[in-house]
Amino acid sequence: MSTGTATLLLFVLLTVVIFAGPPLALGIGFTALVVAFFLWGPASLNMVATSTMGTMLSTLLLAIPLFILMAKFLERSGLAEDLYDLMYHLLGRRKGGLGVGTVIICTIFAAMAGVTAAATVSMGLIALPSMLKRGYDKSLSIGCIMAGGALGVLIPPSVPFIVYGLVSRISVGKLFAGGIPAGLVLSLLFIIYIIIATRINPSLGPALPPEERLPFRQVAGKFMALLLPLLIIAAIFGAMFSGAATPTEASAIGALGAIISASVRGRFSWSLVWESCVETMKITVMIVWIIATATWISNVYAAISGPQFVIEIVQNLGANRWIIMAGMQIVLIILGCFMDVSGIIMLTVPVFDPVIRFLGFDPLWFGVLFVVNMEMAYLTPPFGVNLFYMKGIAPPGITTTDIYRSITPFLLLQLIGLIILMVVPEIILSLPNYLFGG
Amino acid sequence: MLRRVLCLIDNMSKWSGLIVAPLVLVYMAMFLYEMVARYLFNAPTLWANELSTFIFGAQFMLGGAYCYWRGSMVNVEVFHDRLPIRARAILDVFLFIIPLTVLGAMVWLGGAFFLDSLAVREHTESLFSPPLYPLRGVIPVAAALFLLQVAAKFVRDLHLAVTGEELK
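From first to last, the protein sequence lines stand for chains A and B.
Numbers 30 to 467, taken from our numbering, label the letters of the first sequence in order.
Numbers 708 to 875, taken from our numbering, label the letters of the second sequence in order.
Hints listed in this document are in silico derivations from the structure and should not be mistaken for laboratory results.
Given the structure is predicted, the values throughout are model-derived calculations rather than measurements.
Mixed in with the good hints there might be a few duds.
[To be verified] Per label pair, the in silico range of CB-to-CB distance:
| # | chain 1 | residue 1 | chain 2 | residue 2 | range |
| --- | --- | --- | --- | --- | --- |
| 1 | A | Lys420 | B | Arg710 | 32 to 40 Å |
| 2 | B | Leu865 | A | Pro424 | 37 to 45 Å |
| 3 | B | His830 | A | Thr437 | 54 to 62 Å |
| 4 | A | Gly466 | B | Ala744 | 25 to 33 Å |
| 5 | B | Leu747 | A | Arg198 | 19 to 27 Å |
| 6 | B | Pro838 | A | Ser300 | 32 to 40 Å |
| 7 | B | Glu829 | A | Arg198 | 25 to 33 Å |
[Stated by the list, open to error] Partner residues aside, some chain B positions facing chain A, computed with beta carbon under 7 Å:
| # | residue |
| --- | --- |
| 8 | Cys774 |
| 9 | Gly778 |
| 10 | Ser824 |
| 11 | Tyr840 |
[Said to hold, decoys possible] DSSO-like, lysine-lysine: derived pairs with alpha carbons at most 27 Å apart:
| # | chain 1 | residue 1 | chain 2 | residue 2 |
| --- | --- | --- | --- | --- |
| 12 | A | Lys162 | B | Lys721 |
| 13 | A | Lys203 | A | Lys251 |
| 14 | A | Lys251 | A | Lys420 |
| 15 | A | Lys420 | A | Lys311 |
| 16 | A | Lys251 | B | Lys860 |
Ideal Cβ placement from N, Cα and C applies to all residues, glycine included.
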């Protein structure tokens, strides 16, 4: 069988199998085994033992459960309440201030958590009822929480970057460093949008009435809320970017920091620890099984010279490289509507990364763009996970239609952010180049 | 009888998962110990990295059955989850070939690699050099537990597909 036929067979079978709806990890593994069996016979199936063992021996992967554990502790640590209390009194007196404050808290949370659930759930429970009570527009309130929550995967620590680093062999530290400026750009876009929207139409986010405004002296006391989060962020970033600790070790420090925060706030209990462990395992196992079986399929893809075949196609297209880049981003957006982010990374990076290098783009820059794009996957109906988190915790008056409608402007902002970061590569590359030398 | 077997399988999945869940605290503690030993006492350990990796490897493999049982193994829902419940059961009966192939291969070939590894008392090639065969043994055991849970779901789907009623 020629390379071309084998590659096509692989892609077609994979699409049919996973769209039939079995657990993603098993569907991916099945495709790999079937194609390998037809091409090379039974001996090739040994990868279910050898390649899986490789995944089980990867130390980098341990950062995934530890960063998730950290997020689980933070979710229930009460830090979000304190931060919201600060933002409420500090920014609430301005039009749209609670929305801006929510995005800022989500940004801070994103620097402490590697998944989107922590900020989305915390802010959905704390900020949403408060904003609605103050007469904020439903759409604006829900939208800014879901979009802000999605920053969790872009601003390090971030689980998708760990998966991306694993499959592309790009340093996770560099990817993390690139995620910081990218995340700040998106966060800033959300804030500017909220400010402009509430300036044009103040009924979207009215300022707090004067009698509710605290004198500044009292507000100043609330700045203590920032202390614990900043300490945790400083510890993780400091350990990682100074080279003192590996990302995995930094994740252990972060998890410890989160437990300490919960204890300081008097929220520590053994049931909190137990539930966090179980929740962490549920998410981790789902992700790592996908990583394990997707590694089989990328072995098959490499063995049939898939990368060379795809590069040849790109060469024959003769299109401008930016058109190919745009095409890849569109494919990612479409996949993001249907598939889990870890699955998308594991399945498309072995295809896209060689093409990116061939076209002369910076692979690190593309890796960060990839995750910026993946943020949208958490927000696109009908399967964006943040939409489900929101539906699960929103007050009864909020319908699925409300949630879908609220996310539209923020998805457009995400897209604008993606384009800005694509057109000006220096934004993403600035920090990794500064920290690690160009 | 059948119901009892299914219930037993559910319980096995449940407890295998709940037993390995707290291991996350163990490897977290190992990493912290390693950093303290390295920076405060200038005495890095030989074992912390490798042993914690082993523990995590065993944990995520053995957690498979539990996560499947709890329904947290994601799938592409766009077509599958929109079917009426009986049609979905019929589809799932046919899709059973997928877990059967994947997990069956892991039990069979994973088992063969484990036996080879055990026969030569295989160790890793690090300074610490712990035995590798227990970890190799985790693959067939974890896949077998997972396969049992998938088979239990298959029986339930088959019952629903044929009779139109759920098997409690």
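Going down the list of hints, with the structure as the test:
no. : hint                               : in the structure
1   : A:Lys420 with B:Arg710: 32 to 40 Å : 34 Å, holds
2   : B:Leu865 with A:Pro424: 37 to 45 Å : 41 Å, holds
3   : B:His830 with A:Thr437: 54 to 62 Å : 58 Å, holds
4   : A:Gly466 with B:Ala744: 25 to 33 Å : 30 Å, holds
5   : B:Leu747 with A:Arg198: 19 to 27 Å : 32 Å, violated
6   : B:Pro838 with A:Ser300: 32 to 40 Å : 36 Å, holds
7   : B:Glu829 with A:Arg198: 25 to 33 Å : 27 Å, holds
8   : Cys774                             : 4 Å, holds
9   : Gly778                             : 9 Å, violated
10  : Ser824                             : 10 Å, violated
11  : Tyr840                             : 11 Å, violated
12  : A:Lys162 with B:Lys721             : 42 Å, violated
13  : A:Lys203 with A:Lys251             : 35 Å, violated
14  : A:Lys251 with A:Lys420             : 31 Å, violated
15  : A:Lys420 with A:Lys311             : 20 Å, holds
16  : A:Lys251 with B:Lys860             : 53 Å, violated
In summary, the structure is inconsistent with hints 5, 9, 10, 11, 12, 13, 14, 16 from the numbered list given earlier, while agreeing with the others.
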